[in-house]
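Chemist: Given chain D, put chain B in place with the hints provided.
Chain order of the listed sequences is D and B. Counting in this note's numbering, the first sequence runs from 1 upward without gaps. Counting in this note's numbering, the second sequence runs from 1001 upward without gaps.
Simulated crosslink set (DSSO-like; lysine-lysine; CA at most 27 angstroms straight-line): (1) D:LYS285 / D:LYS430; (2) D:LYS270 / D:LYS430; (3) D:LYS353 / B:LYS1118; (4) D:LYS330 / D:LYS375; (5) D:LYS92 / D:LYS196; (6) D:LYS353 / B:LYS1120.
To be clear about the criterion: a stretch of chain B counts as covered by chain D if any three or more of its residues have a C-beta under 8 angstroms from a C-beta of chain D, and this derived list gives those stretches: (7) 1181-1188; (8) 1198-1204.
Simulated from the structure, these hints should not be mistaken for lab results. Note that CB positions come from ideal geometry on N, CA and C, so glycine has one too.
As a plain string of letters, each chain reads:
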Amino acid sequence: MTKPASPQSPDSAAALPRLAVSGVSKSFGSNLVLRDVSFSVRAGEVVSLVGENGAGKSTLMHICAGTFPPDGGTLMLDGAAYRPASPRAASKAGVALALQETAILPDLTVAENLFFGDEPRGLLGLMSQKRLHWDAEALLADLGFALKADRLGAELSAAERQMLEIARAVRQKPRLLILDEPTASLSSHETDLVLKAMDRIKQGGGSVIFISHRLDEVMQAADHAVVLKDGMLTLDAVRGGFTRDDLIRAMVGRTLTDIFPPRPASFTDKPVRLALEGAVAPGLKPLTLAVRAGEIIGFAGLEGQGQRPLARALSGIAPFTGGTIAIDDKATPISSVSRGIAAGIASIPDDRKHEGLALDLPVRMNVSLFALSRKSRWGWLRQQLEQTFAEEARRRFAIRTTGIEQPVRQLSGGNQQKVVFARWLAETPKVLVLYEPTKGVDVGAKTEIYRLVGELSAQGVAVILISADMLELIGLSDRIHVLFEGAVTGTLERSDFSEEAIMRLAAGPEGVLGHAA
Amino acid sequence: MSANAYLVRMKPAPASLRAVVLLVLLLAAFFVSARVFSPLLLLDNIRQAAPLGVVVLGQALVLMMGRLDLSVGATASMANIVLCATFNGDMANLVPALALTLGAGALVGLANGIMATKLKIPAFLATLATSMIVAGLVVFFTGGSPRGAVPAQFRAVTEAWLFGIVPWSALIWLVLLIGLMLLVHYTMLGRKMILSGANLVAARHSGIPSDGLIVLSFVLCSLLAATGGILLSAITGMASIGVGNGFTLDSIAAAVIGGALFSGGVFLPLGAMAGALILFVVQSLLYLLALPPAAKFIVQGGIIVLALALASFRKGRSS
Chain D
1 MTKPASPQSP DSAAALPRLA VSGVSKSFGS NLVLRDVSFS VRAGEVVSLV GENGAGKSTL
61 MHICAGTFPP DGGTLMLDGA AYRPASPRAA SKAGVALALQ ETAILPDLTV AENLFFGDEP
121 RGLLGLMSQK RLHWDAEALL ADLGFALKAD RLGAELSAAE RQMLEIARAV RQKPRLLILD
181 EPTASLSSHE TDLVLKAMDR IKQGGGSVIF ISHRLDEVMQ AADHAVVLKD GMLTLDAVRG
241 GFTRDDLIRA MVGRTLTDIF PPRPASFTDK PVRLALEGAV APGLKPLTLA VRAGEIIGFA
301 GLEGQGQRPL ARALSGIAPF TGGTIAIDDK ATPISSVSRG IAAGIASIPD DRKHEGLALD
361 LPVRMNVSLF ALSRKSRWGW LRQQLEQTFA EEARRRFAIR TTGIEQPVRQ LSGGNQQKVV
421 FARWLAETPK VLVLYEPTKG VDVGAKTEIY RLVGELSAQG VAVILISADM LELIGLSDRI
481 HVLFEGAVTG TLERSDFSEE AIMRLAAGPE GVLGHAA
Chain B
1001 MSANAYLVRM KPAPASLRAV VLLVLLLAAF FVSARVFSPL LLLDNIRQAA PLGVVVLGQA
1061 LVLMMGRLDL SVGATASMAN IVLCATFNGD MANLVPALAL TLGAGALVGL ANGIMATKLK
1121 IPAFLATLAT SMIVAGLVVF FTGGSPRGAV PAQFRAVTEA WLFGIVPWSA LIWLVLLIGL
1181 MLLVHYTMLG RKMILSGANL VAARHSGIPS DGLIVLSFVL CSLLAATGGI LLSAITGMAS
1241 IGVGNGFTLD SIAAAVIGGA LFSGGVFLPL GAMAGALILF VVQSLLYLLA LPPAAKFIVQ
1301 GGIIVLALAL ASFRKGRSS
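Here chain D stands alone, though its shape is the one from the complex (with noise of 0.2 angstroms):
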């Protein structure tokens, strides 16, 4: 645990933190998220609170925000005890918090929105469209957002409507402004405005938490990093007091190239696995590619750009409309999930509650039916066959259960998903098709699905690796295509692998200056 280099300066000793969190729990029924938390917030002070998914930063920050208290521990606000009751209370107090996923309401408009609650009022005390209005553009304009402020909530994208979130949040002049992922769904353009607004709260005087998976931009604006790992504090340190990878080994607990697997130097010896030449499908502009036996390609991009139309004809649900599909120098169009998963093709979908699982049955009849499909004889399920199997898979996959017959939506995340790995490698596939494969699994869990798709690989199964989270798609990946609108903009070598390089083509072709005006 690195301690804190000395986040009181000698000039401001006497002033008190903005808020100070000491000692702070909390579990949730046998499960305990948050264990002994202490760290402090200065004025003027823009703190990052960085962690893996499930390290208990929203946990934190909604008892910082009221809505939920802490088991055990305190917290003060500027000095004074600070317990509050309920968001509300906590918004009072001078805390604002903006979540990640907003909640905007789709029939009223931008201005009404950002002033929900709290409208202008003008004569008689009535609401004032008029001065909502106005008030509404003023806001905006200073923010620099481009948000039009007669638009309706249900036409903001999501990215307009995080905008929309934090300008509601800024609205409120908090003493205290938590932002929970602001930068998620946003492009570089629009992260440099919600770093430019957060740096104008700095100058007035109010304080930062916000959560980020962006370590490049943790670097550009945080003046104070903290990292929690499995509900821990790892790292509290000061600008200037810790590096991109103090971070990143904080989060994890190890160092990248301990938790994803090496990766060889070069594939060109290799055959072409799967080739795509001019491949369409609704929402995915003509796309060619080729993977050779045992590379990971990854793609990348901001939320919509072609990742799911690209999942779901790869694998058969949405087939390609057009081009020509080769799988080991085969033609071989894709035309149904059937036809894909006979020529090779595993595919792990991204939500594996909906499309992945059958949450009410035993582990037992969801990691089997591979394994059964292809050995049954005249069509009889067998029963030996598949205890067999499913007591083998629940060794290999390392899934932790009381047993097979345990429904898998007793299971936690990462053991569900490793369910559904076990029913598609039932046997060794050609081509393994990875959509957000580790979306809400713990680190445990995580790296041994990298360990799993390295050794795939290294049978000389081509993996195609669709993800959003750059840690991954950096540390597993032989290739990145980075996806815009659909198409593939731009591509990148395992030499020129960076969090800033992927950013920087993902926000498209002419940058998104001209996007945004």
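Modeler: Leaving out everything else, chain B in the frame of chain D:
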């Protein structure tokens, strides 16, 4: 080890056992009230419950697919009319009578299945519509006064006892039950049906032809409903309009008492059988106690509440 695996698999689900326990309690009440314990009385109950029991099997299958069939009553009633009209009291017409009746039933199921999949009409609305159409067609073709009758020899199906011990209708019920159990729990087809019923999208994305399986379940359900109608006709011996209409709600009630879930993915043949018997024994018990017919509905409603409350109570404790 291997025998053990089979034993574990053969162990009835808790929901089935709950229904069986409920059934045993009701039977005890029945025999106490009758002041006589006679296995023959029990077997006679089974004999008379067989038509409903067969229909419940079909309903349970459709429920397993996460759907609902509101047309089983109309289909059974139609089967009665078609069977009597084709038989016309002559055993020589056995083959055409059975073929036509089951064929008509299969058509209803096909229509249900196609509406529920290709036309994407919610199953309970689609089957409600077919139920109305079928009932209307029956009245249209018979002019309201159905003709024909089941020949006396055919009535042996429900009225005669094998070796004087086992009613034939009970045997038919048992054979169909075992057949469906084998289909669902011991074949790949059945496994794919369960997976489709438990999560349709996940099944499709695993290459399972779910739409076809849903159509199959509706066809089987309507065939079983028509079979229930045939057994009922053997009991009554004559054609009368709407004779099987009560099967629609009774079959849903029995399946649910037997542990079926509206969310799909569950098929409990033992539970389905116990559910049908429970409804029937309740009826006999109330008759024995000389309670008014209205009491039947109140008690049936109460039993559904009791069965489901027990189920959610158990679930609450285990999680």
